[in-house]
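Participant: Kindly generate the complete structure, drawing on both the sequences and the hints.
There are 2 protein chains.
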Amino acid sequence: MTNRICELFNIKYPIIQAGMVWCSGWRLATAVSNAGGLGLIGAGSMHPETLLEHIRKAKLATDKSFGVNVPLMYPEIDRIMEIIVQEKVPIVFTSAGSPKKWTSYLHDHNIKVAHVVSSAEFAGKSEKAGVDAIVAEGFEAGGHNGREETTTLVLIPSVRKATSLPLIAAGGIGSGQAMLASMILGAEGVQIGSLFATTIESSAHSEFKKCVLGLREGDTHLMLKKLAPVRLIHNKFFNQVKEAEANGASVDELKTLLGRGRAKKGIFEGDLDEGELEIGQISALINEIRPAGEVVQSLINEFNESRSSLLNNSNYSF
Amino acid sequence: MTNRICELFNIKYPIIQAGMVWCSGWRLATAVSNAGGLGLIGAGSMHPETLLEHIRKAKLATDKSFGVNVPLMYPEIDRIMEIIVQEKVPIVFTSAGSPKKWTSYLHDHNIKVAHVVSSAEFAGKSEKAGVDAIVAEGFEAGGHNGREETTTLVLIPSVRKATSLPLIAAGGIGSGQAMLASMILGAEGVQIGSLFATTIESSAHSEFKKCVLGLREGDTHLMLKKLAPVRLIHNKFFNQVKEAEANGASVDELKTLLGRGRAKKGIFEGDLDEGELEIGQISALINEIRPAGEVVQSLINEFNESRSSLLNNSNYSF
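Residue numbers (the numbering used here), protein chains in the order written: chain R, 428 to 745; chain U, 428 to 745.
Hints in this document: simulated from the structure, not taken from any laboratory. It cannot be assumed that every hint is accurate.
Identical copies go unnamed one by one, so any copy, or any two together, can satisfy a pair.
DSS-like cross-link-like pairs, simulated, lysine-lysine; straight-line CA separation at most 25 Å [unchecked claim]: (1) Lys637 x Lys588; (2) Lys652 x Lys669; (3) Lys653 x Lys669; (4) Lys652 x Lys682.
Facilitator: If you want it as structure tokens, here you go:
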């Protein structure tokens, strides 16, 4: 019996690098895939022609599986899907929307589909839509986030009960120990964002990466819940949002405050004051910038050490 | 080598039943202690003389270790501590305040002290204050909660790095699998609230228990963050708070809305509309009312099955 996530995506380790706006282009995705995980190009921050370029570069940089993450609310979604099919990308992770419309289309072109959810209810709906795997992402994750605010520790067993599909845990996972913990809770693999956002191959600005290394617990909070909840690092922009929300700002007022292009400004251009700085809670435990391949290998080493230590540790004998 | 939590508290299993307002009197605490865990009487909802009565009844109902949970902001704290010392209660869990003032006093009377924190920073401060063990409680927990909003999955490894003291994980733990997961992350035991709040021996009102059994993911949220953050079940009172907060209600307005005695009204008297209904996220996975001793035993059975399955499962071999 082999691991279902490894089998489904034809990878060595069930470690998926999350598709992340302004971080995960072809360089990061192929570094992860070459190390035995599954790299995802994040289409969320790309014009269709930019995505096309990244897919073509990825194909030159690896002969391993890689995929594309597609937020389903994306305005040019038709063109994005056309490119993915035309370029024969083997795997698509969909998020932020219903997988009903696109799953069978992707299947018709022999593309595997995983869908990201934040609740057991949507896991069930995704299974009905025919997806091949579920990513269940908890409250502690970076970026956009579910309104239920369910944490990974609670979400994984809950989704495990709701679906028999291969299950990937996301949110708060930054070590092989956390990977093993998620798998004990019912997941068969993990999707990791923050830890890869701060690798050498991430296209995030070096100022953004440095900022993340300095974070401590409690330095991110889920904000803009009246629009679409997003986990943000405390900075000047964050404080403006916090004040506006404390004073009861309306949806329109928040939209005006947010404006456009703030994630790019913060993550890609390194404007730490005005940017929307997205990262997960686990950033509090990230202290160095490493090559992505090394990150994959340490996760597996920690996982294996942690698993063996369970056997020989009388701490665990009751 | 034995488990440090078991050794410290002289218990068979490192399972602590959380001290919970209006749920955990002598009946629940001794049921847990008699089953091999550590039961705590929750002093937070008791007048000093009521606590005295509960301690005396507990002594008659068990010859095992039990403890008292004391929120340090409690108005009659001096009298509470006096009773604890006089009755020779062997273990005190302190929360909601600084452990500086009381730890050495309790130690002088041979009482073991554990302190509840929601961040690595406060774990370090508690260690300096001399406590014997740390409880690290994540965002998913019921009742009052840290402002950092760090989830258990992130908090445990973070606190593990900050202190070498025996460490107890709390928040989101409702199964032996979650117990094992927490221990892989660095904890040596678990504190469990919600699962015991719904046992037969819990003094919560039967309407409250029934309400909890019906909850699904996303049916609790952390509210009243301008006062003291507390996780509440969605009900009429919750909706009033939600609306007030969305409109920018001030601290004073929220205090007026909250009034006094709402937790008692909801949890103990079963008023599901007007009461402040406190429970953790894991309530979404609680489906039956059982005896507390049976809960302890299933946790251990699940823990052991889960641990053995790690050895023989090729899902986990990389």
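Participant: For each hint, tell me whether it holds in the structure or not.
Facilitator: Outcome of the hint check:
no.: 1; hint: Lys637 x Lys588; verdict: between (40 Å within a copy, 21 Å between copies)
no.: 2; hint: Lys652 x Lys669; verdict: both (11 Å within a copy, 12 Å between copies)
no.: 3; hint: Lys653 x Lys669; verdict: both (12 Å within a copy, 12 Å between copies)
no.: 4; hint: Lys652 x Lys682; verdict: both (12 Å within a copy, 23 Å between copies)
When each numbered hint is compared with the structure, no violation occurs for any of them.
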